[in-house]
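Asker: One letter stands for each residue in the lines below.
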Amino acid sequence: MSVSNQTLTSVVLQTHALHKQFGGITATDRITFALEKGARHALIGPNGAGKTTFVNLLTGVLKPTSGSVTLNGETITGLSREARVRLGLVRTFQINQLFASMTPLEMIAAVTSERLGLGRSVLGKLDAHAALVAETADILACFRLEDIMDDTIRTLPYGKQRQVEIAAAFAAKPSVLLLDEPAAGVPEAERRELLDTVAALPADVSVLLIEHDMDIVFRFATRITVLVNGQVLADGEPDVIARDPAVRAAYLGEAVHG
Amino acid sequence: MALLTILIDGVAYGMVLFVLACGLSVTLGLMNFVNLAHGAFAMAGGYVTVVLMQRFGVPFLWTLPAAFLATAAAGWVMERTLYRPMYAKSHLDQVMFSSGLVFMSVAAMKYVMGSQQQIIQLPGWLLGRFELFGISVGRYRLFVIMICGALALGLSWVFARTLFGARLRAAVDDARVARGLGIPVGLLFAVTFAAGSGLAGLGGALGVELLGLDPTFPLKFMIYFLIVVTVGGTSTISGPFFAAMLLGVADVAGKYLIPQAGSFIIYALMVLLLALRPDGLFAKAKT
Amino acid sequence: MSAPDLAAGTLAVRVRASLVLSRRWHPAEALFWLFAVAAALLFPRQLLLMNEIAILALFALSLDLILGYAGIVSLGHAAFLGMGAYAAGLVALHVAADPLLGLVIGMAASGILGLITSPLVLKGNDLTRLMVTLGVGLLMLELANALSFITGGADGLQGITMGKLFGQFEFDLFGRTAYAYSLGVLFVLFMVARRIVHSPFGLSLRAIRDNPLRATASGVPRNWRLAAVYTLSAAYAGAAGALLAQTTQFVSLDVLDFHRSADVMLVLIIGGAGYLYGGLIGAIAFKFLQDFISIFTPQYWQFWIGLFLVLFVLGGREIIHGGIKAILVRLPFLTSGKRP
Chain R
432 MSVSNQTLTS
442 VVLQTHALHK
452 QFGGITATDR
462 ITFALEKGAR
472 HALIGPNGAG
482 KTTFVNLLTG
492 VLKPTSGSVT
502 LNGETITGLS
512 REARVRLGLV
522 RTFQINQLFA
532 SMTPLEMIAA
542 VTSERLGLGR
552 SVLGKLDAHA
562 ALVAETADIL
572 ACFRLEDIMD
582 DTIRTLPYGK
592 QRQVEIAAAF
602 AAKPSVLLLD
612 EPAAGVPEAE
622 RRELLDTVAA
632 LPADVSVLLI
642 EHDMDIVFRF
652 ATRITVLVNG
662 QVLADGEPDV
672 IARDPAVRAA
682 YLGEAVHG
Chain P
776 MALLTILIDG
786 VAYGMVLFVL
796 ACGLSVTLGL
806 MNFVNLAHGA
816 FAMAGGYVTV
826 VLMQRFGVPF
836 LWTLPAAFLA
846 TAAAGWVMER
856 TLYRPMYAKS
866 HLDQVMFSSG
876 LVFMSVAAMK
886 YVMGSQQQII
896 QLPGWLLGRF
906 ELFGISVGRY
916 RLFVIMICGA
926 LALGLSWVFA
936 RTLFGARLRA
946 AVDDARVARG
956 LGIPVGLLFA
966 VTFAAGSGLA
976 GLGGALGVEL
986 LGLDPTFPLK
996 FMIYFLIVVT
1006 VGGTSTISGP
1016 FFAAMLLGVA
1026 DVAGKYLIPQ
1036 AGSFIIYALM
1046 VLLLALRPDG
1056 LFAKAKT
Chain A
10 MSAPDLAAGT
20 LAVRVRASLV
30 LSRRWHPAEA
40 LFWLFAVAAA
50 LLFPRQLLLM
60 NEIAILALFA
70 LSLDLILGYA
80 GIVSLGHAAF
90 LGMGAYAAGL
100 VALHVAADPL
110 LGLVIGMAAS
120 GILGLITSPL
130 VLKGNDLTRL
140 MVTLGVGLLM
150 LELANALSFI
160 TGGADGLQGI
170 TMGKLFGQFE
180 FDLFGRTAYA
190 YSLGVLFVLF
200 MVARRIVHSP
210 FGLSLRAIRD
220 NPLRATASGV
230 PRNWRLAAVY
240 TLSAAYAGAA
250 GALLAQTTQF
260 VSLDVLDFHR
270 SADVMLVLII
280 GGAGYLYGGL
290 IGAIAFKFLQ
300 DFISIFTPQY
310 WQFWIGLFLV
320 LFVLGGREII
330 HGGIKAILVR
340 LPFLTSGKRP
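Protein chains in written order, with our numbering: chain R, 432 to 689; chain P, 776 to 1062; chain A, 10 to 349.
The reader is advised that the hints may include incorrect statements.
So the derived label-pair ranges between C-beta atoms look like this [stated by the list, open to error]: (1) P/891 x A/331: 30 to 38 Å; (2) A/197 x R/585: 29 to 37 Å; (3) P/904 x A/305: 47 to 55 Å.
In short, the hints are calculated from the structure, not lab data. A virtual CB, placed ideally from N, CA and C, is assigned to each residue, including glycine.
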């Protein structure tokens, strides 16, 4: 599928014919995709379309069978997960991946300390770094975690844990943020808070949102890519996608069979 | 020619190791349980044979199914009582727990049977050697190869062709999903554990002549079982089979050709294999 | 300052306070070390036993660094104990009898061994790591046996005589110097370890232990950090081995035996991993348990240890640790108010 004309300088994350094969199954079928700077881009598709596989390929959790991934013009296909994070490519997980025995404060501090390059400080004191303390406090305040900052994460309610999940991604100060179903599993009552936070993201952070919930997608996204069977079915602005008969067929088809 | 005899010896040894270890492999893959006490069941089987032959004059061949049934029964009881609460615990806890069971069984056996090596008198037709295509083959070894080979084929068949095997494989792959499909996973665990323990007991009985038997058997041979399971993987029957063959031949050959090296070769081989293939030689390739 | 700034400032203060609190000394710790020193005066005839406990405690501390803080399960930690012991013993025999020299070289030798073998524990699951570490431990034992012209084989290194500690204190028969030496080394290394686990590096280790996927997704270079802590742990175990060689003035193959690896694992299980004092408390408990059992049944103590293990894991641990926590909660001054 073609991507609409953009000058290369405004594209931050790009894939060229990215392909992933698991034995006989093609999970990602030569996808060429571009994420613009400051994007509010949503990736949607029926179950099993390969959205999470795609994100795993972007972040380095999976190695592609062929094709490449580029970040700010630099090829990152061979880079480790942690190297990509250091370049500003950060993701959240569909199912919370947290440091269960830590407190939100410690978890945010851990991510922040890594970002500040303090991780190699073997004999240093965490509290002695003013930048670490200040940034941790900022993130905790931003995500309204101050009241529970000393509670063990494992004991927190799911919605709060989800806040921590997103907060920790923020603490890495991403330039490109991949949100994998941020509202998944969050009770209706706590969704508002979560989505407000996502909406309040700085304009220069480029966001790729993977979502099932169409309300969230249409409220948030300025651009939508539809993935079906590992291929890009459609790519464009929300109202265009909403009217696209092929997209409706893909979803309706799934509803009939599913 | 001596080399071919070594090969036959190694194959026989490997076959017994396979029978001993395959139960461990399946329970590890199925229940994700590190059971270091597996060797204790093997030891029990060996002692069943010894006691039946020495105290009750039971012919050797009859002691084999007896060893299987006795240890299978013991395995069933223990799974239902002691092992159940341990499934959810960490691997470290399971290691500690099963180690404790090993210590208890070793000490108990020492107390009841004494610490000496047990010797059995094999029936006449299993003694001695004969010439097969110019190679000197021990009768007992050939017997062991045939029995264990048949068992391996039988297990393969059960695994691949029966409903039980299909359910077992499903549960090994994903117990939660299997339960959701209506597969009685709890019962499966119990039956498999019992069968695995029974096989260990049978292996122990067959091994009295080849591997020796004394109360320290579980401690001496546990590392071998673990090697078979780690190198062979837990998702197939053929994986542990080939691993056991490799180990059996390598150990016998190594000890014959370079006796000073002792078990060095085996350990080095294992470390090397695990370094190259951390998930076992035959594991499904991870992405 | 505007209201939001003030609030932010206050929060930063609270954040800093929280971070300080988690690394601050608890009064219970001071009591522990005071008691360890006082014990030398209170039980002058048990100094040799106390020396053994201190060495075992250091060994367990080294295992805690990888097990409790990085989540690496090892059944072959004796490899590093043995490396340190043989290195220190050989230094005393062939180079110089100064204890501190032997200690440093023992730690270095074990550290290098740890660094070399660290790639093996980086991949695979728990079982793989168990087997690989077990394999390395067994390999070291076979190697030491085979290289008997260096190690003395089954007879061990004979004729080690240690020089005076700091040129002043001779190693006496009662173990006074030995205990002071071992306790001193334990204390210093413990303080360093304490500093490390509360550092940014230590925090990243806990992240790796809790959730390796999230850790790497947060930019933590998992393999380098694990290799580093594994090397450190090996060096600490080497220190314990060196102390063992120097205070008993003997090294044999027993120092590489599997039971050493199993015992230290048991010590850490008893005391609890992940808070640094577990190895120390566990060492004391284990030695007492061993002594207690062997008084009653010297031949079959293995049975009772086994029974203890089974009951401990089945529920005993929860009862014992729960009971201790219940007591500590009632004595908040010991833990400076923080939840244990």
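Asker: To test your reading of the hints: which numbers does this structure violate?
Answerer: 1
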